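Chemist: If you want the building blocks of each chain, they are given just below.
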Amino acid sequence: MISRRFILHFPAAVADRPVVGRLAREHGLDFNILRATIDPGNYGIMLLELTGEREALARGLAFLADAGVSASQLDRQIQRDQDRCVDCGACLGFCPARCFAAEAASGRIAFDNGRCTACGQCLTACPRRAMEMAL
Amino acid sequence: MAKTLDQINRRIAAGEAVVLTAEEVIGYAACSSGAYFNLGHSKPRIKLGGGSVLIGGVPAYAGLAAVDVFLGATAVPPNDPGNRLHPGEYRYGGGHVIEDLVAGREVRLAASGWGSDCYPSRSVDTRISLRTVNEAVLFNPRNCYQNYNVAVNRSDRVIHTYMGVLRPRLANATYCSAGQLSPLLNDPYCEMIGVGTRIFLGGGVGYVAWPGTQFDPDPPRGANGVPTRGAATLAVIGDLKQMGPRFLCGMSFTGYGATLAVGIGVPIPILSEQVLRRTLVTDAEILAPVVDYSGTYPERGSEVIAEVSYAELRSGRITIDGKRVPTAPLSSLARAREIAQTLKEWIRRGAFELTAPVAGLPSAGSGVPPKPMSEAMAEARP
Chain X
1 MISRRFILHF
11 PAAVADRPVV
21 GRLAREHGLD
31 FNILRATIDP
41 GNYGIMLLEL
51 TGEREALARG
61 LAFLADAGVS
71 ASQLDRQIQR
81 DQDRCVDCGA
91 CLGFCPARCF
101 AAEAASGRIA
111 FDNGRCTACG
121 QCLTACPRRA
131 MEMAL
Chain E
1 MAKTLDQINR
11 RIAAGEAVVL
21 TAEEVIGYAA
31 CSSGAYFNLG
41 HSKPRIKLGG
51 GSVLIGGVPA
61 YAGLAAVDVF
71 LGATAVPPND
81 PGNRLHPGEY
91 RYGGGHVIED
101 LVAGREVRLA
111 ASGWGSDCYP
121 SRSVDTRISL
131 RTVNEAVLFN
141 PRNCYQNYNV
151 AVNRSDRVIH
161 TYMGVLRPRL
171 ANATYCSAGQ
181 LSPLLNDPYC
191 EMIGVGTRIF
201 LGGGVGYVAW
211 PGTQFDPDPP
221 RGANGVPTRG
231 AATLAVIGDL
241 KQMGPRFLCG
251 MSFTGYGATL
261 AVGIGVPIPI
271 LSEQVLRRTL
281 VTDAEILAPV
291 VDYSGTYPER
301 GSEVIAEVSY
311 AELRSGRITI
321 DGKRVPTAPL
331 SSLARAREIA
341 QTLKEWIRRG
351 AFELTAPVAG
361 LPSAGSGVPP
371 KPMSEAMAEA
381 RP
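Sequences listed follow chains X and E, in order.
Under this note's numbering, the final residue of the first sequence carries the number 135; numbering is consecutive throughout.
Under this note's numbering, the final residue of the second sequence carries the number 382; numbering is consecutive throughout.
Hints listed in this document are in silico derivations from the structure and should not be mistaken for laboratory results.
A quick note: this is a predicted structure, and the numbers were derived from the prediction, not measured.
It is possible that part of the hints are untrue.
[Stated by the list, open to error] Sample of chain E residues facing chain X (criterion: CB under 10 Å; computed from the structure):
hint, residue
1, Arg-91
2, Val-165
3, Pro-329
[What the hints assert, rightly or not] For the chain E half of the interface with chain X, some residues (derived, Cβ under 8 Å), not all of them:
hint, residue
4, Tyr-36
5, Asn-172
6, Phe-253
7, Thr-327
8, Arg-337
The beta-carbon is built from N, C-alpha and C at its ideal position, and this holds for glycine as well.
Here chain E stands alone, though its shape is the one from the complex (with noise of 0.2 Å):
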């Protein structure tokens, strides 16, 4: 067994690294996800920031410059009805348009500004593509939750989440990790991933760029170390002109809204047979808590109803409360596999050399659990 990453990359270089697929997953990301764009300068220029801009219909956040802009994955049309049409289709968001520009399409950019002497225009209404833009850089600030919640409704009323649509008395659950296949499910302390660590993302190459938001580093865990409940989380960034609308799929949740799903391969290198045991967790090992999205979880409550496993979860039926529930994933393991099959095979030509992170993730102990919003803001709501 190869002891350092040199000797892995040596080893992948005269082809003679042994490749396993089992740490790569497809990210589900009702998360947090985004891309910012260099757009380029108009003549006379316009400076954007502090203005509006629309990148095909979708507003995008322009307070950073002239015309480098953010657009978040969840932002919706200003002219969509919401929910006010209940429950709402929220079929065009962010999330869609990055899909429609990964795809090589054209989408209208229609913004304006208030104008300076620098910056004498004050609205610009053209189409960009992924060849106009500069540089167009995927960001999600969190993807790739190590463990997550089983979503059920107890309620008697049909509600609608980021976890789809829920039927009333535990009719159905949902669930969105990946399980075994999930890449932080297999390094649960977070000893071989960390910042600079290179990755599969979008169809491209990306790389974890921090820890992501309300990222927990000490979870309960189960005897094997792996979290029992949502953990660590990654912040990942790359080239969104090398990636492709097969791994980033804009999703529309009716009630709930619009996002992004976002394929993410991460490779583990089996330094030893420490790594090796833990990334070899199964379905059985890995413990999820079902948790009620039509109480406990809006109103931030802290009960789970049960813990399953993903062995039971894949099986298709769970019990909760001694009834027989359907399960349904929402992270597809169709494309996680070929994202593994994928990432394996520009690892076997040398196409993608492993990396040894810069940094760590937060560890066990470090002390940074995420807080809630201070309880003073929580209770000025009308």
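So that you can see chain X by itself, here it is in the shape it has in the complex (with noise of 0.2 Å):
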């Protein structure tokens, strides 16, 4: 059983259909809807936590690719650049999915995505503005 987080792309013609439904039924993987939003043109993108094997994980992934809804897996979409961040902690105690932590012997601060909901609230925290998103 293994769990991964990935942003969802639908274009304009599939986003009336029922697709996460269809990832659950006939793929047998439980979701967890994070975020979505469709613009006004009808295009919508949507944060999905998925659970479930590791086959039926890659069969629904082929699924999403037949149906035109393009999938990326989420722990690549925040990053830190290592270069710029100063270790302040400014992050610490912002993060609704604890991602950041100090580590009390070097002071410095830890970044695990792993957890990351891509809520991009660390954005705005960072004063060295050492945090990007990619979607």
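Put the complex together from the two separate chains, hints included.
Modeler: Laid out in structure tokens, this is it:
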């Protein structure tokens, strides 16, 4: 059983189809919609967590591709530019997913984007502008 | 124990000095910082005084002479949208220009004056770097606050401050003093640190130039003499050409503005048991005031919600109004330790001699507390 987070892009032509429902019914995946928006042009973006067997996940992703929905794994969506970060800690206590933690020994601020939901709040909280989001 | 600075410096020269690192800090400068430059004379000459100067697109103050300019850390480009596009991002300001310069990068100089018989040129547009300018001097009117507020937000909306983004209903708290690592909290009455004290500044050597602005020699103090409010401050100066981007970092506070984080380390010579005792102060013994930045701070009120220790702040949670509130520092502990190690190494290999102050900072009871702006001026606002 594994859990992964994805950013899904729905072209206008697919935005009204029950894609996520079929992921659950036909591929046995548990899903958790973390965020979803549809813009005025009917283009949809969804932040989705999928949980299931590794093979089921692979089949689900193939199904999404066939349906015309692009899915990119999320842990590569928010990155920290290590050269810009000065370990000031302004991000601490700010991240709802608690991706940041102070390391007691070194005083450095660890960033674990495995739990990241790409909410983007760290981008405004970071005074070094060291956090970057690629969507 | 050595009794005089001379004895300490002789021991340093002989490689026998004991250097401890507890007295250094990376100053966090939402304080007051900037740098001045002599740009050299163009041919034909130009007088920039009274004219306008952009360095890296950021306005610098030119009202000094012909080619001396002062660049403030919080200045932003004239075309920056500011908070008109709320909350503003402030990605590039004077602090970022200073960081670019100490990183060895060239920046654009675009300037104009009105022309005179002795300074006939009316505009220049060129590139400058720390290699092309004559003097480049970091001069910060206020750094190194001895203690400071813990910021919280009691209102129902997000607020954007120089203490970071504060979530509504006490959802987070920020603080900026390094507590037991902060130089002036290790010398609560400013007896060892004064005008002329040689310091680590921005990666190079600098000096305490003067008491910092807003210096308050008579704050409330704990039983240990340590101020429990913002109190003493330092004005510092040093050769920008020696400094580096690791310890001079441009900062962007969303919805507030741009500034510069400045790495500062102050050596404290242990000349007596009393001095030693004061440097051994711990986070648990230093209290900071919790202030509401949604009302009390902007309205210059005096309410302090609570006093909390730096040990509590460092633990990651404090309790305010019965609510557990996550805390965030804003002042880099990792860089502070790096500064401490660097300065310790400089001292141990005899590259950095300790100095006695040539003049003291205002002492307790000297009667120079900071004053607010006159009420007549404050009430004249629309």
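Chemist: For every hint, state whether the structure bears it out.
Modeler: Each hint tested on the structure:
no., hint, result
1, Arg-91, "holds (6 Å)"
2, Val-165, "holds (5 Å)"
3, Pro-329, "holds (4 Å)"
4, Tyr-36, "violated (25 Å)"
5, Asn-172, "holds (5 Å)"
6, Phe-253, "holds (5 Å)"
7, Thr-327, "holds (6 Å)"
8, Arg-337, "holds (6 Å)"
The earlier numbered hint that this structure contradicts is number 4, and it is the only one.
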